[in-house]
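Engineer: Spelled out, the chains give:
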Amino acid sequence: MTTQFRMRQAWAIARIEMRRAFFSRRALWVYLLALFPAVIFIGHGIAMTYRHNRWAGQGMTTAAALDSINPRDTAEEVLKKAGKPISDRDWRRRKLMNEEETEKGGRIRRYEMVEGRMMMYYDGRRRVNLFFENGVLTEKNIRDEMNFDQDRQAYAGVFQYFYLRLAIFFGCLGIFMNLFRGEMLDKTLHYWFLAPARRDVLLAGKYLAGLTASTVIFTGGAALSFAGMLWPHESTAVAAYWSGPGMGHLFWYLASAALACVGYGSVFLAAGLLLRNPIIPAAILLLWEGINGFLPDLLQKLSVLYYVQSLCPVPAPTDPSMPPLLLTLLSPASPAAKEWAVLGVLAVTLLVLWAAAGAVRRIEINYSTE
Amino acid sequence: MSAPQTNGNRGAANRPLVICEEVSKFYGEVLGVNRVTLAIPPGITSLVGPNGSGKTTLMNLLTGLIHPDRGSIRVRDISPREPERMMRLTGYATQFDAAPRWATGFQFVATSLELFGLPRAEAESKAWKALERVSLTDAAHRKVAGYSKGMRQRVRLAQAIAHEPDVLVLDEPLNGLDPLVRAETIAMFREWGAQGRHVILSSHVLQEVDVISDQVILIANGMIVAEGEIRGVRDEISEHPSQYIIRCRDASRIASLLFNEDHITEIKLNDDRLGMLVMTRSREDFSRALGRIALDGHVIDGVIPADENVDALYEYLIGGGR
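Respectively, the protein sequence lines represent chains A and B. With my numbering, the residue at position 368 of the first sequence is 368, and numbering never jumps. With my numbering, the residue at position 100 of the second sequence is 100, and numbering never jumps.
Calculated from the structure, these hints are not laboratory results. The structure displayed is predicted, hence computed values, not measured ones. Mixed in with the good hints there might be a few duds.
[Said to hold, decoys possible] Computed cross-link-like contacts, DSSO-like style, restricted to lysine-lysine with a CA-CA straight-line distance of at most 30 Å: (1) A:187 <-> B:268; (2) B:129 <-> A:187; (3) B:149 <-> A:187; (4) A:104 <-> A:81; (5) B:143 <-> A:187.
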């Protein structure tokens with residue numbers, strides 16, 4: 001048999017197995033994981049666009065006019081500077097002015113009636129809420145409604161903390177464990193073993209099927225959520241981003257998603273051959289990836305997450321107010337150079353697949369023990 | 001059956017053989033098969049034994065689904081550890097009743113043929129022919145998951161024969177088949193056996209095995225109890241007497257004459273005194289003794305072998321294992 005024939009055979013196996021990988025009932029939740037960020041970003045975009053259209057229709061104020069509003073300005077001065085607000089509400093309420101203790105141990109609280117007012121302005125990107133008391137500005141609350149930089153940071157965070165660490169991890173667990181373990185549970189694995197194919201060719205075919213399915217699903221999900229993050233923003237800002245680093249960012253996000261599938265896929269394929277219960281390898285690997293930041297340099301390199309995070313184009317935002325332990329767990333170790341990261345994932349994958357090929361040659365059909 | 005040889009393709013008559021040498025398989029501490037040594041020539045060979053005797057284990061070993069802990073197996077000079085070569089000449093219809101949920105009967109057979117490297121058109125043509133052979137063309141485009149037990153049996157058989165293998169291994173292949181399909185299937189086995197292919201099957205239906213097999217292998221508790229042609233097997237088991245029913249008019253007299261023979265171990269007279277059941281350790285001596293008795297003028301109406309079927313052998317050879 002020639003290598004070319006074996007490659008054709010592996011592709012034939014992959015084509016047959018893709019049906020299982022893409023459409024298996026067990027893989028349904030993989031789609032939910034892959035599409036969850038896209039749903040979040042698209043939902044956020046829809047809400048943002050809806051608010052923009054509603055507020056813009058009521059009249060926008062220039063950014064300069066809003067910036068010129070100062071604390072202690074009166075309501076009349078604000079109206080003069082910024083014009084009619086998109087929302088203007090007033091109210092009266094009792095306000096506690098002071099509290100005194102009497103000689104007999106009681107308390108006297110003094111209240112005053114306050115005329116409250118809230119005006120809301122919108123400049124196309126920011127929503128500004130102005131709070132007045134008795135006609136004087138006491139609080140200026142600015143909230144970014146369309147902040148491209150902030151949304152890109154949010155995408156980087158969702159991609160690294162949720163997509164790579166959880167969605168692709170558990171998605172690959174579902175797809176790749178199913179390739180051998182699922183067939184053992186369905187009692188159909190023997191059909192493959194009765195085909196005139198070497199066991200390692202079978203392994204290659206199945207891995208190819210899982211890789212194709214997971215890569216399509218998760219790079220598709222990443223691209224969709226990236227598009228969901230971009231579309232509500234002004235076309236000029238988006239065009240500038242595309243002509244700048246945008247294309248490179250998208251490429252590296254997709255590449256890291258694909259490489260995560262390559263790495264996690266091989267690990268879970270091997271685990272499906274060696275272990276019956278997927279929860280055990282999942283828990284061990286999740287723990288290993290989680291404590292990666294604490295490990296010595298050499299051990300850090302035996303992690304899929306270490307390499308794929310090194311490929312991410314935008315560092316994930318971290319909140320310094322987080323507990324130090326959580327901060328360390330979420331912070332990526334000093335990243336590898338991109339080319340080393342790619343080679344690292346491929347090296348880890350080849351090592352795991354080599355071990356899996358040995359396991360598949362030894363495996364026996366004994367459904368009664370499953 | 002000939003003794004095992006190291007080169008399966010150069011047996012006594014240059015016939016390709018399926019050879020097991022000292023093959024043992026254990027599932028933990030449970031015995032699968034123990035020190036099985038066989039050389040199976042082409043033709044129809046039946047594995048016979050009670051449930052749990054090791055028939056399926058032996059078939060799984062022959063086809064590489066499991067590996068022996070000890071000993072070696074060669075199927076027409078190829079090791080089952082080389083599925084790429086071996087499964088080109090081997091087809092195996094297992095007893096596992098599951099089939100891929102997504103597949104219709106036609107897809108199930110055709111996709112397995114694609115792994116042989118056949119172009120799609122040729123794979124489909126061969127799949128259709130195989131389905132025709134098992135009379136399943138009407139249901140070919142229905143999902144296998146919706147098939148009845150008998151139909152699933154047939155589609156597995158179709159998959160096993162679709163590439164026209166030289167070695168066909170079939171685990172209880174006649175289970176669940178209706179009489180017409182059963183007859184057609186048996187005819188196909190005979191045809192394949194006559195073509196010099198190996199057809200190795202297991203069955204619990206002993207009468208069927210008796211009728212269709214060229215050879216039988218009796219297995220009990222993971223060990224081969226006997227092997228060979230049914231008559232030959234019977235001859236090999238000299239410690240177990242053959243049984244004959246004799247119909248005659250003077251049963252008491254003939255019984256006393258027979259008792260003078262060394263090879264006769266037991267005689268049971270019928271209540272009607274018109275017949276008896278005789279047990280002998282030697283067919284030939286028994287035959288000669290009967291001739292002498294007849295020449296002496298005693299009338300013998302008929303002699304019928306009472307145990308020359310697999311049921312009787314089974315009782316004798318496996319006995320308590322059943």
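Engineer: For each hint, tell me whether it holds in the structure or not.
Structural biologist: Right, here's what the structure says about each hint:
1. A:187 <-> B:268: 52 Å, violated
2. B:129 <-> A:187: 26 Å, holds
3. B:149 <-> A:187: Holds, at roughly 16 Å.
4. A:104 <-> A:81: 53 Å, violated
5. B:143 <-> A:187: 17 Å, holds
Going through the hint list in order, the structure does not satisfy hints 1, 4.
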